[in-house]
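Chemist: So the chains spell out like this:
There are 2 protein chains.
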Amino acid sequence: MAEKITPRVEDFPQWYQDVVLQAKLADYSPVKGCMVIRPNGYSIWERIQQEMNARIKDAGVRNAYFPMFIPESFLKKEAEHVEGFAPEVAVVTYAGGKDLEERLVVRPTSETIINSMFAKWVQSYRDLPLLINQWANVVRWEMRTRLFLRTTEFLWQEGHTCHSTLEEAESFTLQMLKMYREFAENVLAMSVVAGRKSEAEKFAGALRTYTIEAMMQDGKALQAGTSHNLSDNFAKAFDTQFLDKDNKKKHVFQTSWGVSTRLIGGMIMTHSDDKGLVLPPMLADTHIVIVPVVPKAAMGPAVYEAADKLAAAIKEAVSVKGLPYRVGIHVDKDEQKQSGWKFHEYELIGIPVRIELGPRDLEKQQAVFTRRDKSVKEFIPLADLPEKIGNELASMQKELLEKARSHRDANTYEVDDYDTFKKMLEEKGGFYKVSWSKDREAEESIKADCKATLRCYVLDENFEMINSNKPCFKTGKKDGNVIAIFARAY
Amino acid sequence: MAEKITPRVEDFPQWYQDVVLQAKLADYSPVKGCMVIRPNGYSIWERIQQEMNARIKDAGVRNAYFPMFIPESFLKKEAEHVEGFAPEVAVVTYAGGKDLEERLVVRPTSETIINSMFAKWVQSYRDLPLLINQWANVVRWEMRTRLFLRTTEFLWQEGHTCHSTLEEAESFTLQMLKMYREFAENVLAMSVVAGRKSEAEKFAGALRTYTIEAMMQDGKALQAGTSHNLSDNFAKAFDTQFLDKDNKKKHVFQTSWGVSTRLIGGMIMTHSDDKGLVLPPMLADTHIVIVPVVPKAAMGPAVYEAADKLAAAIKEAVSVKGLPYRVGIHVDKDEQKQSGWKFHEYELIGIPVRIELGPRDLEKQQAVFTRRDKSVKEFIPLADLPEKIGNELASMQKELLEKARSHRDANTYEVDDYDTFKKMLEEKGGFYKVSWSKDREAEESIKADCKATLRCYVLDENFEMINSNKPCFKTGKKDGNVIAIFARAY
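In order, the protein sequence lines correspond to chains A and B. The first sequence: position 50 = 50 (my numbering), numbered continuously. So the number in my numbering is just where the residue sits in the second sequence, counting from 1, plus 490.
To be clear, the hints were calculated from the coordinates, so they are not data collected in a lab. All C-beta atoms in this analysis are idealised placements derived from N, C-alpha and C, irrespective of residue type, glycine included. All clues given are correct.
As a list, the in silico DSS-like pairs of lysine-lysine whose alpha-carbon atoms are at most 30 angstroms apart:
id	chain 1	residue 1	chain 2	residue 2
1	A	Lys120	B	Lys765
2	A	Lys342	B	Lys547
3	A	Lys374	A	Lys403
4	A	Lys275	A	Lys398
5	A	Lys337	B	Lys610
6	B	Lys738	B	Lys567
7	B	Lys588	A	Lys447
8	B	Lys739	A	Lys337
9	A	Lys275	A	Lys315
10	A	Lys57	B	Lys878
11	A	Lys422	A	Lys447
12	A	Lys98	B	Lys588
13	B	Lys588	A	Lys202
14	A	Lys333	B	Lys610
15	B	Lys960	B	Lys928
16	B	Lys735	A	Lys333
17	A	Lys98	B	Lys937
18	B	Lys827	A	Lys120
19	B	Lys827	A	Lys248
20	A	Lys433	A	Lys220
21	B	Lys494	A	Lys245
22	B	Lys827	B	Lys864
23	A	Lys24	B	Lys738
24	B	Lys823	A	Lys57
25	A	Lys76	B	Lys514
26	A	Lys333	B	Lys547
27	B	Lys805	B	Lys888
28	A	Lys337	B	Lys547
29	B	Lys547	A	Lys315
30	B	Lys832	B	Lys786
31	B	Lys710	B	Lys913
Over 10 angstroms on every C-beta distance to chain A, these chain B residues come out as not near it, computed from the model:
id	residue
32	Gln504
33	Arg640
34	Gly709
Listed below are several chain A residues computed to face chain B (Cβ distance under 10 angstroms; list not exhaustive):
id	residue
35	Asp27
36	Met35
37	Asn53
38	Arg62
39	Tyr94
40	Ala95
Can you make the complete structure from the sequences, with help from the hints?
Modeler: Dropping the structure here:
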């Protein structure tokens with residue numbers, strides 16, 4: 001029955017694909033580049049939505065929904081935007097039985113269609129700030145795709161806001177960046193670097209793009225979320241204006257920010273192991289599985305009854321520290337499958353806690369406790385289990401983050417010259433903190449030479465770039481340098 | 491500031507549009523036939539999703555997500571299906587900078603793409619039943635569109651299930667139909683008739699389609715949800731087979747069922763009035779607004795403090811009978827707007843309960859209570875308000891349903907001959923229960939003659955059609971007749 005998962009050390013990308021397919025998180029579809037998100041994967045996305053929605057609402061943002069079709073002419077209104085997205089759009093040219101007069105682009109992102117509405121809704125300073133978010137599917141035609149990480153169609157949230165000043169827009173851009181960082185840490189248990197993108201890597205149409213960058217177990221970077229200060233670029237293109245207190249018409253200043261289903265891929269590559277998915281308890285739908293071990297059929301009723309009683313006690317008592325939900329718990333009474341098979345299966349799909357309960361345990365009023373990320377079996381008195389489970393789920397959430405942070409710290413290097421960088425990158429992977437002259441040509445030549453990209457400029461506590469007195473690690477230029485991180489990335 | 495809402499008696503369709511636009515529930519978009527769902531409307535959809543998801547989960551169904559692009563060849567595999575949907579699909583022919591080899595249809599519904607995956611996932615009787623649902627956007631190219639009721643792109647849920655026998659598929663089809671009826675009544679406060687569609691009106695590709703039909707305030711019908719027994723039609727087209735216990739390969743039997751954002755339109759046309767939206771408390775995000783009335787600025791602090799205290803007391807005490815949520819409550823301290831303007835605004839957007847609190851009320855330790863659907867002001871002691879509000883919200887939910895049911899009963903007629911039917915339909919609208927010979931040509935001629943359609947066959951408690959001894963009201967045929975409902979519809 002059970003397929004083998006390729007070990008990480010052998011082939012990391014193959015390991016990732018094995019975990020995604022075998023844990024039934026997603027599947028390839030017959031449509032090139034599009035994936036199917038299966039129930040095990042979609043329930044993670046629903047948890048992400050639930051947690052993100054709470055944070056979005058706390059920031060005063062309201063959800064809405066805009067059309068997925070965008071007139072092609074809209075995309076062309078902002079020069080950098082069309083240059084960035086035109087090569088990867090899908091276009092509807094035929095509908096309702098005939099060719100369309102104006103071709104419709106399937107949204108790759110919604111700044112343009114949303115601005116066409118904002119231009120109508122925003123009239124006065126009283127209408128500002130206008131804070132909107134939508135959960136939607138978007139399409140970007142990709143040549144090389146990978147489940148969750150890069151697919152032609154993906155799911156995301158995209159926030160879009162209007163402000164009366166550039167300063168306020170910048171402040172909100174950073175507020176959302178910080179929210180993403182907190183979300184990555186506390187929900188996904190991923191440790192991320194919040195930084196700023198280079199001119200080459202920023203969003204097409206933005207003044208400035210901020211990012212959170214995570215490190216995967218193979219040392220590669222994953223861009224996990226971005227927040228853009230759009231200045232008045234789209235407002236000018238769509239004439240989104242408001243009458244200010246001084247009775248003058250002014251363009252609004254805008255932000256946009258998004259995270260997508262690629263977070264699921266990043267989360268998998270952060271925590272999982274050679275046995276399958278390791279899922280932070282905050283993202284689990286079922287937190288605990290109880291497996292009654294019944295060597296003889298006659299022992300069944302007593303063990304099942306005890307298992308149900310235990311499940312009820314846990315459900316009643318555990319609404320876990322650090323977890324806002326009631327726990328999900330499943331008692332597996334399937335007699336067609338052997339216990340060993342079940343243990344393997346629940347490890348594969350990442351149930352955080354497994355409890356085994358057999359007739360002898362029952363005599364001793366105990367059960368066997370195993371945490372998915374530790375695999376150490378412990379015998380625990382039944383009466384102590386609810387409290388134990390509550391504590392362990394909270395610890396697991398915390399320790400997964402700590403482990404991810406340690407891994408990143410241990411694989412982040414400061415280097416002063418390009419040759420050392422290139423050699424170390426090839427040997428160890430990881431993040432490289434360097435002194436950097438912001439030279440666009442040099443950035444492109446590094447990418448061409450060793451496939452490393454400028455992940456972000458490192459920021460200080462005020463989210464300003466950090467000046468460096470050292471010469472640029474690539475160009476040797478001495479003045480105006482800042483600290484940047486280079487790495488290979490997904 | 492305030493625009494006028496056209497009264498219902500004057501022009502019902504214009505009234506509907508006025509309410510939708512002025513309450514900021516939705517807006518027209520620059521893309522033909524597509525709407526924008528604004529935050530006031532989207533929050534209703536989120537409540538619908540939350541309530542529906544709980545019911546779907548209770549039925550053992552799990553959420554997933556499938557690609558929105560469907561290879562055109564898939565659509566053609568089921569003959570009736572392609573005939574039904576081909577005229578209204580939107581087609582992507584160009585993507586990633588070049589013409590596609592195979593054109594991609596934007597899903598009008600997902601039976602075909604989902605079957606292409608089911609065929610892979612279903613191997614054995616152990617994999618059955620397979621119960622899947624997805625929340626998604628779908629596209630059907632429409633010529634005449636109306637906000638929420640009929641738009642080119644709309645949001646919906648579509649359930650898709652596989653079973654080992656036709657009987658089990660039929661049973662699940664009916665289970666979902668009953669769930670929809672219960673949902674319509676208890677959440678939307680809409681009274682619906684559960685019935686079966688005629689051959690002419692059934693889903694393209696189904697063996698049998700069941701429906702819930704609601705009556706709007708103008709006496710017209712609205713199809714509010716459908717549940718289809720697909721038999722093995724799609725399973726045969728996609729070769730979705732399983733190895734049964736008897737070691738034989740068999741095609742699965744399937745169901746599909748869906749409700750969409752048109753429920754919001756139906757809910758509006760069921761409950762709202764000439765002052766704007768009337769929202770069942772179950773669908774409200776903000777249930778109560780407290781408007782402090784401050785005639786002189788100096789009185790402000792005391793009144794605001796009392797309003798905040800009252801809000802806290804209500805929030806603490808009210809987690810309403812019949813409502814599973816904590817109530818949402820807003821204290822409006824905006825001093826730029828007059829109280830009268832605020833009252834009008836909150837009636838327009840349908841806040842279920844309004845509390846007014848002024849300095850004199852405060853002296854008397856009372857406040858003014860008004861329920862949106864009654865508009866009678868009551869003076870209530872502050873100490874009694876939390877209990878009063880809890881009771882009134884529960885009553886409002888119940889009474890809206892009762893009112894909808896009474897309206898439908900009062901506008902449902904039994905007629906025996908076509909001339910009487912046609913005359914009454916023209917004068918009064920409403921539902922017409924008739925004896926019906928199931929003659930497809932006669933059905934089409936009625937539609938052409940007076941725009942009435944066969945809404946459904948009426949069913950008995952076992953969901954079987956009801957035999958009629960009377961002659962058919964149109965053809966005069968005497969044998970094999972059943973009871974059917976004819977009406978004009980949205």
